[in-house]
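Colleague: Based on the hints, put chains B, C and D in the right spot on chain A.
There are 4 protein chains.
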Amino acid sequence: MPLIVSITGSPTANSRTLALAAQIGRELRQRDFEVQSINVRDLPGDDLLHANVESAPLREAFSLVERADAVVLSTPLYKASYTGVLKSFLDLLPQFGLAGKVVLPLATGGTLSHVLALDYGFRPVLQSLGAQHVVGGLFVLDKLIERQTDGSIVLEAEIQKRLDLVIEDFVQSVRRRLVALPS
Amino acid sequence: MPLIVSITGSPTANSRTLALAAQIGRELRQRDFEVQSINVRDLPGDDLLHANVESAPLREAFSLVERADAVVLSTPLYKASYTGVLKSFLDLLPQFGLAGKVVLPLATGGTLSHVLALDYGFRPVLQSLGAQHVVGGLFVLDKLIERQTDGSIVLEAEIQKRLDLVIEDFVQSVRRRLVALPS
Amino acid sequence: MPLIVSITGSPTANSRTLALAAQIGRELRQRDFEVQSINVRDLPGDDLLHANVESAPLREAFSLVERADAVVLSTPLYKASYTGVLKSFLDLLPQFGLAGKVVLPLATGGTLSHVLALDYGFRPVLQSLGAQHVVGGLFVLDKLIERQTDGSIVLEAEIQKRLDLVIEDFVQSVRRRLVALPS
Amino acid sequence: MPLIVSITGSPTANSRTLALAAQIGRELRQRDFEVQSINVRDLPGDDLLHANVESAPLREAFSLVERADAVVLSTPLYKASYTGVLKSFLDLLPQFGLAGKVVLPLATGGTLSHVLALDYGFRPVLQSLGAQHVVGGLFVLDKLIERQTDGSIVLEAEIQKRLDLVIEDFVQSVRRRLVALPS
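Residue numbers (the numbering used here), protein chains in the order written: chain A, 1 to 183; chain B, 1 to 183; chain C, 1 to 183; chain D, 1 to 183.
Honestly, the hints are just simulated from the structure, not real lab data.
Honestly, I wouldn't trust all of these hints.
[Said to hold, decoys possible] Calculated lysine-lysine pairs in the BS3-like style (CA-CA distance at most 25 Å, straight line):
{"id": "1", "chain 1": "D", "residue 1": "K143", "chain 2": "B", "residue 2": "K143"}
{"id": "2", "chain 1": "D", "residue 1": "K161", "chain 2": "D", "residue 2": "K143"}
{"id": "3", "chain 1": "C", "residue 1": "K161", "chain 2": "C", "residue 2": "K143"}
{"id": "4", "chain 1": "A", "residue 1": "K161", "chain 2": "A", "residue 2": "K143"}
{"id": "5", "chain 1": "A", "residue 1": "K161", "chain 2": "C", "residue 2": "K161"}
{"id": "6", "chain 1": "B", "residue 1": "K161", "chain 2": "B", "residue 2": "K143"}
In isolation and in its complexed conformation, chain A is listed as follows (with noise of 0.2 Å):
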């Protein structure tokens, strides 16, 4: 079964971010990938501060992006940007530790004057990090976000159909990753 690496940057407990990253996670699943997920934030904050790279849970983390097939990044928006959170993560992977990976962008923020920051600000370091394929990403505004009780939730309808087309997008470029191709 391929694997898909989810991975979530944002520092706040129990974000928005990390539900919706969640709720992908469950999509994915449901389509015959396994899925592994990272939340950058559980990681011990000093060995990434501190570029530690042969502490035992970043190695972990690492190993699981290498064997993924495709990843997932998650971020809220901050400063216009992604978050120093998953940049830290990022930025200890090997030079092309996202080589002939399929690499689905995620983003979350509180206003849409930030959408760009996907496409200009995070798209080129995915591609410095060598991805086969960063398909179309999805921004969400956070107030289309709701809770339930059980940690799950709801999109507004809108974005909930996009979402679809994206992921859609996303397992349809993972399966044809998988394809041999007549030589």
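Modeller: Here is chains B, C and D on its own, set in the frame of chain A:
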């Protein structure tokens, strides 16, 4: 005496980036500025990663930035962008935490091909923080920075000249900020 | 009297962008600046597309920019960026054609989600041209620009206030440039 | 036979960029693609600058792009970004004029320090146009392109190897697009 705060975002101890920032700090002191330094990796990692903005060391750092007339921001370039370490600190500043301030962005890196990360990647974050004037920055190739036994550095002659011009322009921009205009 | 050159890059005649630039020009004249305008679409298209820099109309336009103390650059946002029309003119300026100048970037557009194109897309080009100070710019939603029968425009009240602040900051930055610093 | 359209945006006649695009076109034809070319500077300048989308030569060019399975976009880098010539054409495409298409971005330039203009500056425009997959592009230093008397070019060996890899990845991505996935 006007206050300049120098913030460095390298995850490695005794980095070239830190040595470069220290040298610039010395030059600014000689030009009658008070210079205070923040090395983000010396702040508590978990406080940064968990957005624990009430942490005493973070509050002290934020207070320095708030009081600054100008800020020097120094970062190595990782994955074609500023470090997560530096961004994790900037993320916790108030929304317009650089309002009214003159800002000098500096980067070090191993390849000339990442130069534009300063203008394309970093500058938009500084604008988002409301910086009054982000002056022309400088990218310094690692190999042009030669460490001395006393911890200081010597820059290759041509890049030292360019740094002198950048500092001169920065100093003039800070001074212009402090001059009262005839109304 | 200091000279400000206002360059507009909309491909459509009588565009909102042009009307906005004209209004700002009037306000700057009232504040004792000479204002000259370049509407790129009025220049000979083939000269621009063929980099015919000896063309008389282009040389006249380049000369205006060279003499300018400050430049206002206005563009609609197309495909999440400044227009090709505007860039085709900037491409033919000397390598550091904005050196020593204060620059005000303005954009109009149909969706708030393109705001960051100014800071992420346009500002790096202006830095590359050596601009001394690119002040904080402004994005104006098309629908907040109401045309009057006399060709002038009325802006929605809130955006007019923000424009006033942007112009005030620009004017002060230009004036600071022209003040001799005590040596 | 799948159709690839090659669009070149250099303002100079017989540019290295055009010669590079032509060479890639020949290689793609040998791999069983139909290749059609658009050299934007050959289109009527005033039609581009005035957004005269009903112009016959423009309509013909738009129609080619619409029919294309994949697009190669080649530009010299001016002022740290793609040319205005190229953008003035892209500006007139429909909002999602690259939807469903695989896109290969290529740039030429005089300095390695502008490499990131591809990922930071150009790629966001291509995403905005709805490109299905923007594959990894290539920047080629002018001096690594040697013209032959017959108009063809010879690339320095190392960059030719990298170009071969880029073309191979592009070709595979186009072919994957055309394979029917098992539903």
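Colleague: All hints are to be evaluated individually against the structure, with a verdict given for each.
Modeller: Do the hints match the structure? See the list:
1. D/K143 / B/K143: holds, 24 Å
2. D/K161 / D/K143: Holds, at roughly 16 Å.
3. C/K161 / C/K143: holds, 16 Å
4. A/K161 / A/K143: Holds - the C-alpha atoms of A/K143 and A/K161 are around 16 Å apart, at most 25 Å.
5. A/K161 / C/K161: Since the Cα atoms of A/K161 and C/K161 sit roughly 38 Å apart, the hinted pair is violated (cutoff 25 Å).
6. B/K161 / B/K143: holds, 16 Å
Taken one by one, the earlier hints fail for this structure only at number 5.
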